[in-house]
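Asker: Following the hints, complete the assembly by docking chain B onto the known chain A.
Protein chains in written order, with our numbering: chain A, 1 to 258; chain B, 259 to 526.
If you're looking for bench data, these hints aren't it; they were derived computationally from the structure.
By construction, the Cβ of each residue, glycine as well, lies at the ideal position given by its N, Cα and C atoms.
There could be a bad hint or two in this list.
What the hints assert, rightly or not - A partial selection of chain A residues facing chain B, derived with a Cβ cut-off under 7 angstroms:
#	residue
1	Leu61
2	Phe87
3	Ile108
4	His136
5	Tyr156
Claimed, not checked - Here are the computed lysine-lysine pairs in the DSSO-like style, where the Cα-Cα straight-line distance is at most 27 angstroms:
#	chain 1	residue 1	chain 2	residue 2
6	B	Lys437	A	Lys191
7	A	Lys96	A	Lys177
8	A	Lys125	A	Lys138
9	B	Lys524	A	Lys138
10	A	Lys115	B	Lys441
11	B	Lys435	A	Lys109
12	A	Lys177	A	Lys191
13	A	Lys63	A	Lys221
14	B	Lys425	B	Lys524
15	B	Lys435	A	Lys63
16	B	Lys524	A	Lys96
17	B	Lys435	A	Lys191
18	B	Lys425	B	Lys437
19	A	Lys21	A	Lys56
20	A	Lys191	A	Lys109
21	B	Lys368	A	Lys63
22	A	Lys125	A	Lys191
23	A	Lys244	A	Lys177
24	B	Lys435	A	Lys34
25	B	Lys425	B	Lys435
26	B	Lys437	A	Lys109
27	A	Lys138	A	Lys113
28	A	Lys177	A	Lys225
29	A	Lys138	B	Lys435
30	B	Lys435	A	Lys56
31	A	Lys113	B	Lys437
32	A	Lys115	A	Lys96
33	B	Lys435	A	Lys115
34	A	Lys113	B	Lys435
35	A	Lys138	B	Lys441
36	A	Lys21	B	Lys368
37	A	Lys191	A	Lys56
38	A	Lys63	A	Lys21
39	A	Lys248	A	Lys221
40	A	Lys96	B	Lys425
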Amino acid sequence: MENNSHPKLEIRDLRVEYDSKGQRTVALENVQLKVEDGEFVSVVGPSGCGKSTLLKVVSGLLKPAGGHAFLDDQEIQGVPSQVGMVFQNDALLPWKSVIDNVRLPLEIKGFAKDKQLEEANRLLKMVGLDGFGSYHPKELSGGMRKRVALARTFAYDPEIYLMDEPFGPLDAQTRVKIGEEFLQLWENVGKSVLFITHDIEEAIALSDRVIVMTSRPGRIKAEFKVNLQRPRPFYEIRFDPEFKELQKEIWAQMSDGE
Amino acid sequence: MAAKTSTPSASSPSPKAGRGNRSATVWIGRLVVFIVIIGLWELLSGTAFNSFWLSKPSLIVKRIIDMTANGDLWFHMSITLQESIVGLIIGMLGGTLLGILLAFSGIFQKWVYPYIMALYSLPRVSLAPLFIVWFGIGMTSKILMVVAMVIFVAFYNAYEGVRNIDKDLMDMMSTFKAKWTHKLRWVVLPSITVWILTSLRLNIGMALIGSVIAELVGSNRGLGYYITYSSNMLDTTGIFTGLVLIMIIAVVLEQIIVQVERRLLKYR
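This is chain A alone, in the form it adopts within the complex (with noise of 0.2 angstroms):
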């Protein structure tokens, strides 16, 4: 990752505002990024500190107040193709079932229904859900919504995956499971990452890189590079010396001048 000549995204002096009642607020200054093509970054920092807004303008949802973010060199003008979003809160349609729910980005590139179905009982399978495909999202635990949410932006297939905290609202034993299971599904897959959170242990057990970040306004403060082999064992890794040191210097960093 010497070479820094053409990164998958690249975000340049970005700086985002909002207005909200008649005020403007700055929720992104100044920030510099870049992802490499096959990288997974992590951005942690405290809630409100805008990062769910860097993902906003990276999926071209929100148009930034001045600065640039291109994908493979191209500037971000409207939703780029590359792009597919992991939410925060699973983005399912309730009135669909499970398979629809995986099916939809396959429907809306205009695939064949049968191939359509064909991929997403692939998927199903893939993520552990094989044979709820005719379930409603409602009938199912926060942990098997979120692996249909997982299913479903494989289907989509992109080519930099923008997860906005997308285990945050698992419990504890949950999220160390669909952790693992992301880690090895991503590990075959290889595509960019660009991962929010605010849970520090999952920032470096997923990632290359993990960027911190300040809240008000949204600054990137430090930016730490993770060695730790490949595959990884996600839980297990935790107990890794230099884990320990990393998370230590990057929890000084966080805590440090909030």
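Answerer: The following block gives chain B in isolation, referenced to the frame of chain A:
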């Protein structure tokens, strides 16, 4: 001691059986209320007060049977039903479409919204004479009146429904690069189904009010006409018969909607 041990076992039947019991109690209670009111009406009419003013349930039932036999019942009822249902369909479609379009029209909605609300505050019953001047005493003026009654509720529900769509779902569709046809089919319409069904339910009553009022103002057929006709003849039994028939139509139509609702909202 014995009483103490028996308490938990007495309160332990499954919750489903408990609910079944309660709904049976509800239905029995309803039946009792019905019998008491109708019974009192039947008994007091002709004894405590003159049955000329308030008629009698037995007379109304007899009238309904007579009218069924000579065909008057279906003649008047079918006219009112046609006006109501045709008007309901046109008003629901038009209002809902308008609501969706306006909710997605950006700044334009801010321009026209106050005027729509101003029109809504107009007592639309007072439009009936105007419609009769425009279209005569035939079906068209009645249907138009129904549309005028129905369209605002339909509009408002669709409009609010669209504004209440989960923004994350729309964002999700956008990140998958969905076109508006997909957004409409997969998110917008399913999201506002609850709202549309609510407006449909409210509008059944509105549609009947519209058609009957228009018939009262000027017509030569329909239940509204039958009521005015009976009133001119000082025939209170006829008036009450008309009212009962309108009530029956409302209850039946509402039950149909309840069934439709159950099917469409099964996922909840």
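Asker: Hint by hint, say whether it matches the structure.
Answerer: Tested hints:
Checking Leu61 of chain A against chain B by beta carbon gives a least distance of about 6 angstroms; that is within 7 angstroms, so the hint holds. Interface restraint check: Phe87 of chain A against chain B, minimum CB-CB distance 6 angstroms, threshold 7 angstroms, status holds. A distance limit of 7 angstroms between C-beta atoms decides the matter here; for Ile108 of chain A the minimum to chain B is near 5 angstroms, and the interface restraint holds. For His136 of chain A, the interface hint holds, since its Cβ comes within 7 angstroms of a Cβ in chain B; the closest pair sits about 5 angstroms apart.
Here the hint on Tyr156 of chain A is kept, as its CB sits about 6 angstroms from the closest CB of chain B, short of 7 angstroms. Pair hint Lys437 of chain B plus Lys191 of chain A holds up; C-alpha atoms about 26 angstroms apart against a cutoff of 27 angstroms. Taking the CA atoms of Lys96 of chain A and Lys177 of chain A, the gap is near 26 angstroms; set against the 27 angstroms cutoff, the hint holds. Under the criterion of a C-alpha separation no larger than 27 angstroms, the hint pairing Lys125 of chain A with Lys138 of chain A is consistent with the structure, at around 20 angstroms.
For the suggested pair Lys524 of chain B and Lys138 of chain A, the alpha carbons sit about 11 angstroms apart, so the restraint of at most 27 angstroms is met. Distance restraint check for Lys115 of chain A and Lys441 of chain B: the Cα-Cα separation of roughly 21 angstroms lies within the 27 angstroms cut-off, and the hinted pair is therefore satisfied. The suggested pairing of Lys435 of chain B with Lys109 of chain A holds, with an alpha-carbon distance near 8 angstroms, which does not exceed 27 angstroms. In summary, the hint linking Lys177 of chain A to Lys191 of chain A is supported, as the alpha carbons are separated by about 21 angstroms, within the 27 angstroms threshold.
Annotation: proposed proximity of Lys63 of chain A to Lys221 of chain A holds, straight-line Cα distance about 23 angstroms (limit 27 angstroms). Among the hinted pairs, Lys425 of chain B with Lys524 of chain B is consistent with the structure: their alpha-carbon atoms are about 23 angstroms apart, no more than 27 angstroms. This hinted pair checks out: Lys435 of chain B and Lys63 of chain A have alpha carbons roughly 17 angstroms apart, not beyond 27 angstroms. Straight-line distance between C-alpha atoms of Lys524 of chain B and Lys96 of chain A comes to about 11 angstroms, which keeps the hinted pair within the 27 angstroms bound.
Taking the CA atoms of Lys435 of chain B and Lys191 of chain A, the gap is about 19 angstroms. The hint holds against a cut of 27 angstroms. Pair hint Lys425 of chain B plus Lys437 of chain B holds up; C-alpha atoms about 16 angstroms apart against a cutoff of 27 angstroms. Between Lys21 of chain A and Lys56 of chain A the CA atoms are separated by roughly 21 angstroms; this keeps the pair inside 27 angstroms, and the hint holds. As the CA atoms of Lys191 of chain A and Lys109 of chain A are separated by approximately 20 angstroms, the hinted pair is consistent with the 27 angstroms bound.
A threshold of 27 angstroms between alpha carbons decides the hint, and for Lys368 of chain B with Lys63 of chain A the separation of about 24 angstroms falls inside it, so the pair holds. For a cut-off of 27 angstroms, the pair hint linking Lys125 of chain A to Lys191 of chain A stands: about 20 angstroms separates their Cα positions. Distance restraint check for Lys244 of chain A and Lys177 of chain A: the Cα-Cα separation of roughly 21 angstroms lies within the 27 angstroms cut-off, and the hinted pair is therefore satisfied. Proposed proximity of Lys435 of chain B and Lys34 of chain A is supported: the alpha carbons are some 24 angstroms apart, at most 27 angstroms.
At roughly 15 angstroms between alpha-carbon atoms, Lys425 of chain B and Lys435 of chain B fall within 27 angstroms of each other, so this suggested pair holds. With a C-alpha separation of about 10 angstroms, the suggested pairing of Lys437 of chain B with Lys109 of chain A holds against the 27 angstroms cut-off. For the hint pairing Lys138 of chain A with Lys113 of chain A, the CA-to-CA distance comes to about 25 angstroms; that is within 27 angstroms, so the pair holds. For the suggested pair Lys177 of chain A and Lys225 of chain A, the alpha carbons sit about 24 angstroms apart, so the restraint of at most 27 angstroms is met.
Taking the CA atoms of Lys138 of chain A and Lys435 of chain B, the gap is near 26 angstroms; set against the 27 angstroms cutoff, the hint holds. Of the supplied pair hints, the one linking Lys435 of chain B and Lys56 of chain A holds, its CA atoms being roughly 14 angstroms apart against a limit of 27 angstroms. Under the criterion of a C-alpha separation no larger than 27 angstroms, the hint pairing Lys113 of chain A with Lys437 of chain B is consistent with the structure, at around 18 angstroms. About 18 angstroms separates the Cα atoms of Lys115 of chain A and Lys96 of chain A, which keeps this hinted pair within 27 angstroms; it holds.
Between Lys435 of chain B and Lys115 of chain A, the direct Cα distance comes to roughly 19 angstroms. Compliance with the 27 angstroms bound is thereby established for this hinted pair. For the hint linking Lys113 of chain A to Lys435 of chain B, the alpha-carbon distance of about 19 angstroms falls within 27 angstroms, and the restraint holds. Proposed proximity of Lys138 of chain A and Lys441 of chain B is supported: the alpha carbons are some 21 angstroms apart, at most 27 angstroms. Only pairs whose Cα atoms come within 27 angstroms are accepted, and Lys21 of chain A paired with Lys368 of chain B is accepted, the gap being roughly 17 angstroms.
A hinted pair counts as satisfied when its Cα atoms are at most 27 angstroms apart, and Lys191 of chain A with Lys56 of chain A qualifies at roughly 19 angstroms. A distance of roughly 19 angstroms separates the Cα atoms of Lys63 of chain A and Lys21 of chain A; the hinted pair therefore holds under the 27 angstroms criterion. Restraint check: the Cα-Cα separation between Lys248 of chain A and Lys221 of chain A comes to about 15 angstroms, which is no more than 27 angstroms; the hinted pair holds. Proposed proximity of Lys96 of chain A and Lys425 of chain B is supported: the alpha carbons are some 17 angstroms apart, at most 27 angstroms.
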